[in-house]
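Those protein sequences? They're chains D and B, same order as listed.
Here the first sequence is numbered in this note's numbering, starting from 5 and rising by one per residue.
Here the second sequence is numbered in this note's numbering, starting from -15 and rising by one per residue.
Simulated from the structure, these hints should not be mistaken for laboratory data.
Quick reminder that beta carbons are idealized off the backbone N, C-alpha and C, glycines included.
A few of these clues could be false.
[Said to hold, decoys possible] Taking beta-carbon pairs under 10 Å as the criterion, some of the chain B residues facing chain D (in silico): (1) Ile5; (2) Ala9; (3) Leu158; (4) Ala166; (5) Thr167; (6) Ser169; (7) Pro205; (8) Gly206; (9) Gln263; (10) Thr267; (11) Tyr283; (12) Lys386; (13) Ala430.
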Amino acid sequence: MSAENGVSRRAALVKLGVLLNGIVGVFLAVPIVRYLLSPVTREKKFGYDSWLVLGTLEQFPAGQTRLATYRNPLVNDWDGETGNIACWVRRVDDQTFQVFAINCAHLGCPVRWFPQSSLFMCPCHGGAYYQDGSRASGPPERGLFQYRHKIADGKLLIKAGEMPTPGQPVANKTGGKRTCA
Amino acid sequence: MRLIQKLGNWFDLRLQLGTPIRETARHPVPRETASWFYVFGSAALTCFMLQFVTGILLALIYVPSAGEAWNSLQTLNHGVSLGWFIRALHGWGSNFMVAIVLIHMVQVFLFGAYKFPRELTWIVGVFLLLVTLGMAFTGQVLRFDQDAYWGLGIGASIASRVPVIGPWAVNLMLGGPIIAGATLSRFFALHVFVIPGLLIAFVGVHLLMVLKLGINEWPMPGRIVRRATYLQDYHELTKKEGVPFVPNAVWKDIFFSGFILLAIAVCAVHFGPFGPGGQPDPTIIQTAPRPDFFFLWLYALLSFLPPAAETPILLIGPAIGIVILLALPFVAGEGEKSWKRRPIAVLTILLVAVSLGTLTHLAEHTPWSPVMDAWSSQPIPPQYLQGRTTLERHGALVFQAKQCHNCHSLDEKGGQRGPALDSVALRLTEDQLIRQVIQGGGNMPAYGKNLSPAETTALVAFLETLHPANQKPARNASEAATLSTSEVSPR
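Required output: the full structure, derived from the provided sequences and hints.
Structure follows, in structure tokens:
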């Protein structure tokens, strides 16, 4: 066995070792990446959204818009108060409801309802919406996000569980339309 | 003494660090760089070390759990001896660190230090700026209060606008469907492990390059940087008129770092810790979330961008800014270093400083936000009510009750979202006022559905009285002609 051979054999062993580590690395990388992506892949299969009871119909008088809160369906023990979510319920008439997300359609700040002027106003960048959730003024590009809702056994239910954002509105994709007065 | 020397020798034989440390300390630097202008880099490092130590101290008490974080901050403030002081040091240290990093960057830019052969030092410096801002943002989240909660909401809303992967980006950022425990945990991991790790690595490389390449010489107008000759010129400069870094230059660094630490401590004692504000309970909606000082300019920008341009500017703007910073040493790697011969560089700094300053100032006053309680807390000035008819006074009542005051000021009180109405009657005729109230427009909501005809009449009658006593209200020109022919005197 020549010295040259020995060197090349050891060099080959180094390459083999690197290859072995590469293969092990890939085997390790797959579960690591899957773990990191679990909020968007595995967990989501169970569904972030589900039907939740907001309250009895009597809690929402016709012609009024009231704040309602619910506990997010997917929570951990240590989520504390952050698992409680607020929304605005507008009862138009006996059987007609609108349930708006609390989050402004601009950047998600909590909008407040002003019954006197029948407007939702956002404290962050001055977005305003009409009582039906459609955009009135300010930076939002669209109306308030709306939850899908239904009435069962004298109770108001909404489909919720995921924070609505401009790129991903909640169940109702239509939201409020932009009115041109 | 002999014992100490023997002990030193014992360690040095094994560590072999004495010689490199001595060489580093005594390496020659150009004489003029022993200047008060060259102290900001070391001051930034000092701030980082303070943050490192105070951060560990805070981690002894802080609980990174959505349900407990706020309470643990309260305990730090009130329950642990001098916990408030450590929080204040960490908070003020953060502000000072961002400020000093920015000043350091401006100084380096104006002194042309990014030019050959220090391009990579500048690029790593840009990364250091980004991770410093990353520390500031994630740190703001760990102060888990209302501002942190809704700030995360703003972050998620921006992330959601990324084309195609937006919704996934939101879930990835929040660690789940909503802002909750998983969100705080991952921002804790970022703030305490990931970003500090990057920061330490970048600082190491940055410092190594400063030592290997030598500190940037004091720029002289007319001394041009050329790739072919620079290294030799610099070598001769340090050889000819170099002074040892220790002690000739370092004493100013030490003094300035000490001064900065003192300033942070004084601010911490005098102003105390930052927050926490209200509890991070998303069902408490009586809140006006605001970011920390160094992100206020962005907060202001977000309210001024036209809706259609917002998403592209939000997503592409930062990328363009970073690319410009990274490309700078490649575009201008040679040539004049002195700011005295680089007017565009000076103007750029001034423009950026004025823009950021203006936006920050605006964000501290938020003129774009309605004053939510103006309708019930700011009365209409008496001079606008005296000697008015019943109808006009009723209009003033409508003005308050329908919350016009939240967006429109009278006598400089009330909102600034819409124009001040002190002399609105000069600008709009009665018909135009009616149309504006009913139909809205120009960023004003329409009140047609929300006002009865009687209320509209009263409100417009009140608005018609809002003009200086010596100036007549605007009126329709054709109407004015009719009036003058029939010789009816205007009111």
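Q: List in ascending order the numbers of the hints, as given earlier, that are violated by the structure.
A: Of the numbered hints given earlier, those the structure breaks are 1, 2, 7 and 8, listed in rising order.
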